[in-house]
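> All chains, please: the whole structure from these sequences, using the hints.
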Amino acid sequence: MDFKQIQELVKMINKSNISELSIEQDKFKITIKQKDNEVQQVIAVPAAAAPIQTVAAVAPAAAPVQAATSAPAAPAAPKADNLITIKSPMIGTFYRSAGPDKAPFINVGDEIAAGKVVCIIEAMKLFNEIESEVSGKIVKVLVDDATPVEYDQPLFLVEP
1 MDFKQIQELV
11 KMINKSNISE
21 LSIEQDKFKI
31 TIKQKDNEVQ
41 QVIAVPAAAA
51 PIQTVAAVAP
61 AAAPVQAATS
71 APAAPAAPKA
81 DNLITIKSPM
91 IGTFYRSAGP
101 DKAPFINVGD
111 EIAAGKVVCI
121 IEAMKLFNEI
131 ESEVSGKIVK
141 VLVDDATPVE
151 YDQPLFLVEP
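Numbering (the working numbering), first residue to last: 1 to 160.
Calculated from the structure, these hints are not laboratory results.
What you are looking at is a predicted structure, and each value in this text was computed from that prediction instead of being measured.
Check before you lean on any hint, since a few could be wrong.
In silico SDA-like links for lysine to any residue, alpha-carbon gap of 25 Å or less [unchecked claim]:
| # | residue 1 | residue 2 |
| --- | --- | --- |
| 1 | 102 | 83 |
| 2 | 87 | 129 |
| 3 | 125 | 31 |
| 4 | 102 | 82 |
| 5 | 137 | 113 |
| 6 | 125 | 19 |
| 7 | 87 | 160 |
| 8 | 125 | 4 |
| 9 | 102 | 90 |
| 10 | 125 | 160 |
| 11 | 102 | 81 |
Spelled out as structure tokens, the structure:
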């Protein structure tokens, strides 16, 4: 089997629903495996997340109208304005801890300093420690553990 035949096999498998193909001839053996649709899931998540962020951006605009009529809603709006967002520097899978049996790096209410590891993002089997660029108190964790994240996707809200 020559290189062109192998390329044609790969192309055919990519176009089909076959997940794995093994061929044996004399002293030659080849196994071609097709990746799961994980990449498509990663692409689909930001598309779904973008409208949610847009809706969230519209909601504060509507809040001042209600804030004028009720006094308790007024203090909530300024808090949201001074929050800093820690965003994902890459595409990958978000993990709150170093392992399944380990404690999370940070929790809501924790004080963090610039340079402190806040999470891990796994990209192509490499586990990248993500460090905070700001100091403050963690107000909210915006991503569930072991879920795909996109570049520049908000991960945490920090009160400086």
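> It remains to establish, for every hint, whether it holds in the given structure.
Tested hints:
Our distance criterion of 25 Å between C-alpha atoms is broken by residue 102 and residue 83, whose separation comes to about 28 Å. A hinted pair counts as satisfied when its Cα atoms are at most 25 Å apart, and residue 87 with residue 129 qualifies at roughly 13 Å. This hinted pair checks out: residue 125 and residue 31 have alpha carbons roughly 21 Å apart, not beyond 25 Å. Our distance criterion of 25 Å between C-alpha atoms is broken by residue 102 and residue 82, whose separation comes to about 32 Å.
The suggested pairing of residue 137 with residue 113 holds, with an alpha-carbon distance near 9 Å, which does not exceed 25 Å. The hinted pair formed by residue 125 and residue 19 meets the criterion: a straight-line CA distance of about 20 Å does not exceed 25 Å. Straight-line distance between C-alpha atoms of residue 87 and residue 160 comes to about 15 Å, which keeps the hinted pair within the 25 Å bound. Of the supplied pair hints, the one linking residue 125 and residue 4 is violated, its CA atoms being roughly 29 Å apart against a limit of 25 Å.
Straight-line distance between C-alpha atoms of residue 102 and residue 90 comes to about 23 Å, which keeps the hinted pair within the 25 Å bound. The straight-line distance between the Cα atoms of residue 125 and residue 160 is roughly 33 Å, outside the 25 Å bound, and the hint therefore fails. About 33 Å separates the Cα atoms of residue 102 and residue 81, which puts this hinted pair outside 25 Å; it is violated.
The structure is inconsistent with the numbered hints 1, 4, 8, 10, 11, although it conforms to all the rest.
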